[in-house]
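S.K.: Okay, here's what each chain looks like letter by letter:
Protein chains: 2
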Amino acid sequence: MFGPGPSNVPQRILEAGSNPVIGHMHPEIFEIMNDIKSGIQYMFQTQNNMTLAVSGTGHTAMECAIFNTVEPGESVLSAVNGIWGERAADMAERIGARVNTIVAPPGGFFTNAEIEQALSKYRPAVFFLAHGESSTGVLHPLDGIGQLCHKYNCLFLVDSVASMGGAPLYMDQHGIDILYTGSQKVLNAPPGTAPISFSERACQKIFNRRTKPVSFFLDLSWLANYWGCDGKPSRVYHHTGPVTAFYSLRESLAVLVEEGLENSWERHEKVAEYFHAGLENMGLKLFVKEKKARLPTVTTIVAPHGYDWKEITTYIMKTHNLEISGGLGPSVGMVLRVGLMGCNSSKASVDMVLMALKDALKHCHKSKV
Amino acid sequence: MFGPGPSNVPQRILEAGSNPVIGHMHPEIFEIMNDIKSGIQYMFQTQNNMTLAVSGTGHTAMECAIFNTVEPGESVLSAVNGIWGERAADMAERIGARVNTIVAPPGGFFTNAEIEQALSKYRPAVFFLAHGESSTGVLHPLDGIGQLCHKYNCLFLVDSVASMGGAPLYMDQHGIDILYTGSQKVLNAPPGTAPISFSERACQKIFNRRTKPVSFFLDLSWLANYWGCDGKPSRVYHHTGPVTAFYSLRESLAVLVEEGLENSWERHEKVAEYFHAGLENMGLKLFVKEKKARLPTVTTIVAPHGYDWKEITTYIMKTHNLEISGGLGPSVGMVLRVGLMGCNSSKASVDMVLMALKDALKHCHKSKV
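Listed in order, the protein sequences are those of chains A and R.
My numbering numbers the first residue of the first sequence as 1 and each following residue consecutively.
My numbering numbers the first residue of the second sequence as 1 and each following residue consecutively.
Derived from the structure by calculation, the hints contain no laboratory data.
Glycine included, every Cβ here is placed at the ideal spot set by N, Cα and C.
Among these hints, one or two may not hold up.
[What the hints assert, rightly or not] With beta-carbon atoms standing in for the labels, derived distance ranges:
(1) R:VAL236 / A:LYS151: 35 to 45 angstroms
(2) A:MET282 / R:VAL236: 23 to 33 angstroms
(3) A:PRO141 / R:GLY333: 48 to 58 angstroms
(4) A:ASN208 / R:GLU200: 43 to 53 angstroms
(5) R:GLN11 / A:ARG12: 16 to 26 angstroms
(6) R:THR111 / A:ASP172: 15 to 25 angstroms
(7) A:ASP172 / R:GLU273: 55 to 65 angstroms
(8) R:PRO141 / A:PRO72: 31 to 41 angstroms
(9) A:GLU28 / R:GLN11: 17 to 27 angstroms
(10) A:ASP90 / R:GLN147: 46 to 56 angstroms
(11) R:ALA254 / A:PRO20: 12 to 22 angstroms
(12) A:LYS232 / R:VAL103: 43 to 53 angstroms
(13) A:MET355 / R:GLY73: 53 to 63 angstroms
Work the whole structure out from these sequences, hints included.
M.R.: What follows is the structure, given as structure tokens:
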């Protein structure tokens, strides 16, 4: 599975997830949750006490972030350079926020000057940015943006579903106030849990809200208690956690800790460079022009001229049993997307994909010119 | 695990869930989702096309039901005879509904006359009722309530998390408009997916809303497309479904189909009667006085006079390695709760629990009188 996610799940993680179900309020489960919390703190490079995993996918974490930090009538700024900025804007609109966007064309990103201009113009309470824009293959630079947000008294909310573990990110150093990811990308766990963390600054805002968040299920004051993050001596039943998904998530975090975060970043970078060189040697073009803005986990290739991209992905699935995918949202029809995440990020995987692509370009007819 | 849920997961279902992860938009997954849909239609006894599983727990399904059917400012009536009616009221309030409640003491339930009086007084758009009130052990009668709701142009929303598969319920015949349950009770699958179904009448209201539901993730128009319920030829990416949880859910539905729904109902009823007789023979009292209103899946026992209920549950966990639990919400301190659901509903399980209880009453001191 070399699509933009989910990625393949190693046997070790699958096996962890098939351990017997026990009660979601048993002390053993609380220990597992504590391990998960520590693992996320390491992965996110944060000291935030308010660190946990949402019982749901990346979308659930995105809603958890927005529902808790934004009150109706507040201003939200979303950086739209692909589908994720659009979704964040849609979610904030649904709960009655005043939403503004800055827009870059697919494959593009924003300078700090552009971001500062928008912050000063719209004075948002929350600024949303996707670190890894998986629909276009862009890795957004992060340096200095957190500081800008804080200058304008705004929380910095970052989506790292596609990038986390595959590219450098330091939550605390980067001044990120809310950060989340998914289990099914670099972590190689099954989809169904989503790590999330909130800074002290974010908690200050959240725990002084005038209105309740629209969702009981995602209300941080409940989640904080369930995850032992609120300093209270006992935990109250909130919802039934997906315990088997917690087993898998803990195992996947253990795999990351064993390799080491820096090693994982470096491996993804090296493999991506090797892959990108191979593509260019074949005469294919990378969709993201600036090298430093290329997401190492999800590569976007300009859809080869004269070919039908659907024929290519279908051929590769049928003949090579490999999944690669077309565009998403604003990049539909413009790109092919290849995800090499976690255990799939290896030179051997690259060689398989390059061979399959070569073969496809030979066998697929130039059906449209 | 004889608490009110989750229940033990048989090896067969755990194994299904440890199959390799494949893409959430692969044709094989769509087939599995179609199987799940058919299984739910059978389990719910409904012909509703709008039948699917939410990627989350019972709470997520509860929010899915309320978020989609209720618009801000609309009137909602919740029947509160335990924790679930309170939660539904809280959720509806969070999204700006005008919420009224009818309240019965823990262990009690409502007559159709009481319900009709409230429907006529408050004219709600949606009426919430828990079929199985797991906090108090009440199985609520359903006959005639759907008809009353429709007489007052109101949608009938039923929570069957604790009762589904363990007690008779016919969604279509009972005139239920929205029905949901969880995977981790009678179905014996791990927590993390939640079957839900919407009647034609509910869909009429939902698809003619003036406002968007507050949640993108739970927006039925997106979910309907993802689950192939909207008649459109192609499915658009909405969120990454928890595919391994879908494998387990399909397997658990297959187990139910193999046994037969009526057989499952009958088994739960017989085992509950055997259990209740055994408890009364020991001199213990059942919390729910009316026999026909006793939930066969979760039994509430009046906390034995003079004992500390926590000492009893702790003793049984420590000495017998069995989980039973105390009360929840309004029943805290009043009851012990024992869940016998799905594969755990057997006379052998009853004998284990009765023995453990006898032993506990002998060994636990009458610590408070």
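S.K.: Decide, hint by hint, whether the structure agrees.
M.R.: Results for each hint:
The beta-carbon spacing between VAL236 of chain R and LYS151 of chain A, approximately 39 angstroms, falls within the hinted interval of 35 to 45 angstroms. At about 31 angstroms, the CB distance of MET282 of chain A to VAL236 of chain R agrees with the hint of 23 to 33 angstroms. The supplied range of 48 to 58 angstroms is met by PRO141 of chain A and GLY333 of chain R, whose beta-carbon atoms lie about 56 angstroms from each other. Between ASN208 of chain A and GLU200 of chain R the Cβ separation comes to about 44 angstroms, which falls inside the hinted range of 43 to 53 angstroms.
Separated by about 20 angstroms at the C-beta atoms, GLN11 of chain R and ARG12 of chain A satisfy the suggested range of 16 to 26 angstroms. Judged by the Cβ atoms, the range 15 to 25 angstroms given for THR111 of chain R and ASP172 of chain A is violated: they are separated by roughly 59 angstroms. A hinted range of 55 to 65 angstroms for the beta carbons of ASP172 of chain A and GLU273 of chain R is consistent with their spacing of about 59 angstroms. Distance hint check for PRO141 of chain R and PRO72 of chain A: the Cβ-Cβ separation is about 40 angstroms, which falls inside the suggested range of 31 to 41 angstroms.
Restraint check, GLU28 of chain A to GLN11 of chain R: a C-beta distance of roughly 20 angstroms satisfies the suggested window 17 to 27 angstroms. With their beta carbons about 39 angstroms apart, ASP90 of chain A and GLN147 of chain R fall outside the hinted range of 46 to 56 angstroms. Between ALA254 of chain R and PRO20 of chain A the beta carbon distance is about 20 angstroms. The supplied range of 12 to 22 angstroms therefore holds. A beta carbon spacing of about 28 angstroms between LYS232 of chain A and VAL103 of chain R contradicts the range 43 to 53 angstroms that was offered as a hint.
Take MET355 of chain A and GLY73 of chain R: their Cβ atoms lie about 60 angstroms apart, and the range 53 to 63 angstroms holds.
In terms of the numbered hints stated before, the structure departs from hints 6, 10 and 12, listed from lowest to highest.
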